[in-house]
Each structure stands twice: as structure tokens, then as C-alpha cells.
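Asks: Just so you know, we're using the numbering used here here: the sequence shown kicks off at 287 and counts up by one.
Incorrect hints may appear among the rest.
[Said to hold, decoys possible] List time: in silico DSS-like cross-link candidates among lysine-lysine, alpha-carbon distance up to 30 Å: (1) Lys341 with Lys299; (2) Lys399 with Lys293; (3) Lys404 with Lys329; (4) Lys399 with Lys294; (5) Lys344 with Lys290; (6) Lys388 with Lys293; (7) Lys399 with Lys354; (8) Lys354 with Lys329; (9) Lys388 with Lys290; (10) Lys441 with Lys309; (11) Lys309 with Lys404; (12) Lys441 with Lys354; (13) Lys362 with Lys299; (14) Lys407 with Lys354; (15) Lys388 with Lys309; (16) Lys354 with Lys344; (17) Lys354 with Lys294; (18) Lys388 with Lys441; (19) Lys399 with Lys309; (20) Lys441 with Lys293; (21) Lys354 with Lys290; (22) Lys362 with Lys388; (23) Lys404 with Lys290; (24) Lys388 with Lys299; (25) Lys329 with Lys388; (26) Lys309 with Lys344; (27) Lys294 with Lys329; (28) Lys404 with Lys388; (29) Lys344 with Lys399; (30) Lys293 with Lys354; (31) Lys362 with Lys407; (32) Lys293 with Lys329; (33) Lys407 with Lys388; (34) Lys290 with Lys329; (35) Lys362 with Lys290.
Keep in mind the hints are simulated off the structure, nothing from the lab. All of these numbers come straight from a predicted model, not from anything done at the bench.
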Amino acid sequence: MDLKRLKKEIPHKWRVQSFSRNKAMAQCVAYIDSRDVMNMLDKVCGMESWQSDYKEIKGNIYAGIGIKINGEWVWKWDCGAESHIEKEKGEASDSFKRAGVKWGIGRFLYELKMHYVKANKIQTDNSSHGIYPMDDIGNNLYSSVQLTDYINSLKN
287 MDLKRLKKEI PHKWRVQSFS RNKAMAQCVA YIDSRDVMNM LDKVCGMESW QSDYKEIKGN
347 IYAGIGIKIN GEWVWKWDCG AESHIEKEKG EASDSFKRAG VKWGIGRFLY ELKMHYVKAN
407 KIQTDNSSHG IYPMDDIGNN LYSSVQLTDY INSLKN
């Protein structure tokens with residue numbers, strides 16, 4: 287098992303990190319989801335040679351990923367942050383992805399530049415409800431699939 291392969295760049299998606307309060311602009315960051323981490327572990331380690339575990343410590347969710355190396359389980363752990371939707375599930379997923387980064391999965395994301403795209407309006411309060419990123423011709427990009435396709439088209 288070549289654990290260096292865990293650091294390989296894999297297909298990633300884009301999401302809005304924040305909307306500007308000064309101009310109609312969205313700051314976008316690249317991400318992978320927890321299924322991408324699982325798939326990479328299956329591919330590199332084999333389905334039977336990795337496992338995950340979760341612990342709550344001082345009110346925070348920690349995920350650990352264990353990989354069997356030379357017959358011994360080696361664990362790497364990290365803590366997650368709550369998401370705005372389904373906060374406990376989001377925290378568990380985030381901690382799992384962060385534990386994956388400790389093994390090298392998705393570490394390439396931190397080297398990617400953020401992208402700035404137009405938005406349909408300026409964010410004027412704490413809610414981004416009704417604010418969407420836009421493509422160059424003014425079409426709202428309602429989903430992460432649309433945003434990902436648009437940002438990836440800018441690279442070509």
C-alpha cells in the first residue's frame with residue numbers, strides 16, 4: 287500500500303465561502319465531501335484496511351481515521367466545525383474530512399486559489415438568502431454543480 291497516493295489531487299467542487307458587503311461578488315473555495323475521502327481510502331488502502339471512529343471531547347466532535355499498516359492500526363484525529371445545516375452531521379463530516387487531511391487526502395485544496403465571481407446583489411445583512419453567484423452573462427448559479435462547472439470553465 288502506497289500511502290503517498292492519498293495526497294493525489296482528486297476531482298473537487300466549488301462553493302461560496304462568503305458574499306461581499308461592498309460589491310456584488312462571491313468568494314468561492316474548492317472542497318471535497320466525506321464520500322470523496324472514503325472513496326480515496328478504499329482505492330488506496332482497500333475497504334478492509336481502514337476504519338473511522340468518532341468521539342465527543344468537551345462538546346466537540348472528533349473523527350479518527352485508522353489505517354492498518356504492517357498489521358497495526360495507526361490513527362489520525364481532528365475536530366470539526368458545525369455547519370449551518372444539520373449542525374451535528376456537518377460537524378461529524380467536517381471532522382472526518384479534516385482527519386483525512388492529516389493522512390494527505392484533500393491537502394491539495396489548501397494550495398488552490400480562491401475564485402471571485404459576480405453575484406446577483408450585495409449582501410446587506412447577515413443573511414445570504416436570495417443572493418447567488420452569477421456567470422459572465424448574468425445567469426444565477428443556483429447549485430454547487432453549476433458553480434463548479436462555471437469555475438472549471440474559467441481555467442480553460
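Asks: So, for every hint listed, does it hold in this structure?
Replies: Each hint tested on the structure:
For the hint pairing Lys341 with Lys299, the CA-to-CA distance comes to about 28 Å; that is within 30 Å, so the pair holds. Restraint check for Lys399 and Lys293: satisfied, since their Cα atoms lie roughly 18 Å apart, inside the 30 Å limit. As the CA atoms of Lys404 and Lys329 are separated by approximately 37 Å, the hinted pair breaks the 30 Å bound. The straight-line distance between the Cα atoms of Lys399 and Lys294 is roughly 17 Å, inside the 30 Å bound, and the hint therefore holds.
In summary, the hint linking Lys344 to Lys290 is not supported, as the alpha carbons are separated by about 33 Å, beyond the 30 Å threshold. A hinted pair counts as satisfied when its Cα atoms are at most 30 Å apart, and Lys388 with Lys293 qualifies at roughly 10 Å. Distance check on the hinted pair: Lys399 and Lys354 sit about 34 Å apart at the alpha-carbon level, beyond 30 Å; violated. With a C-alpha separation of about 14 Å, the suggested pair Lys354 and Lys329 falls inside the 30 Å cut-off, and the hint holds.
Among the hinted pairs, Lys388 with Lys290 is consistent with the structure: their alpha-carbon atoms are about 12 Å apart, no more than 30 Å. As the CA atoms of Lys441 and Lys309 are separated by approximately 23 Å, the hinted pair is consistent with the 30 Å bound. Of the pairs offered as hints, the one joining Lys309 and Lys404 holds, with about 9 Å between alpha carbons and a cut-off of 30 Å not exceeded. At roughly 38 Å between alpha-carbon atoms, Lys441 and Lys354 are farther apart than 30 Å, so this suggested pair is violated.
Between Lys362 and Lys299 the CA atoms are separated by roughly 25 Å; this keeps the pair inside 30 Å, and the hint holds. Proposed proximity of Lys407 and Lys354 is contradicted: the alpha carbons are some 50 Å apart, above 30 Å. Pair hint Lys388 plus Lys309 does not hold up; C-alpha atoms about 37 Å apart against a cutoff of 30 Å. Under the criterion of a C-alpha separation no larger than 30 Å, the hint pairing Lys354 with Lys344 is consistent with the structure, at around 28 Å.
With a CA separation close to 20 Å, the supplied pair Lys354 and Lys294 stays within the 30 Å bound. Distance check on the hinted pair: Lys388 and Lys441 sit about 28 Å apart at the alpha-carbon level, within 30 Å; holds. For a cut-off of 30 Å, the pair hint linking Lys399 to Lys309 stands: about 20 Å separates their Cα positions. For the given pair, Lys441 sits about 22 Å from Lys293 by alpha-carbon distance, which is consistent with the 30 Å threshold.
For a cut-off of 30 Å, the pair hint linking Lys354 to Lys290 stands: about 15 Å separates their Cα positions. Between Lys362 and Lys388, the direct Cα distance comes to roughly 6 Å. Compliance with the 30 Å bound is thereby established for this hinted pair. Between Lys404 and Lys290 the alpha-carbon distance is near 38 Å, which puts this suggested pair outside the 30 Å criterion. Annotation: proposed proximity of Lys388 to Lys299 holds, straight-line Cα distance about 20 Å (limit 30 Å).
For the given pair, Lys329 sits about 17 Å from Lys388 by alpha-carbon distance, which is consistent with the 30 Å threshold. Among the hinted pairs, Lys309 with Lys344 is inconsistent with the structure: their alpha-carbon atoms are about 40 Å apart, more than 30 Å. Proposed proximity of Lys294 and Lys329 is supported: the alpha carbons are some 12 Å apart, at most 30 Å. Distance check on the hinted pair: Lys404 and Lys388 sit about 34 Å apart at the alpha-carbon level, beyond 30 Å; violated.
Between the alpha carbons of Lys344 and Lys399 the distance comes to roughly 34 Å, so the proposed pair goes past 30 Å and is violated. Distance check on the hinted pair: Lys293 and Lys354 sit about 17 Å apart at the alpha-carbon level, within 30 Å; holds. A C-alpha spacing of about 42 Å is found between Lys362 and Lys407, which places the hinted pair above 30 Å, so the restraint is violated. For the suggested pair Lys293 and Lys329, the alpha carbons sit about 12 Å apart, so the restraint of at most 30 Å is met.
For the suggested pair Lys407 and Lys388, the alpha carbons sit about 38 Å apart, so the restraint of at most 30 Å is broken. Using a Cα cut-off of 30 Å, the hinted pair Lys290 and Lys329 holds, with the two alpha carbons roughly 12 Å apart. Between the alpha carbons of Lys362 and Lys290 the distance comes to roughly 15 Å, so the proposed pair stays at or under 30 Å and holds.
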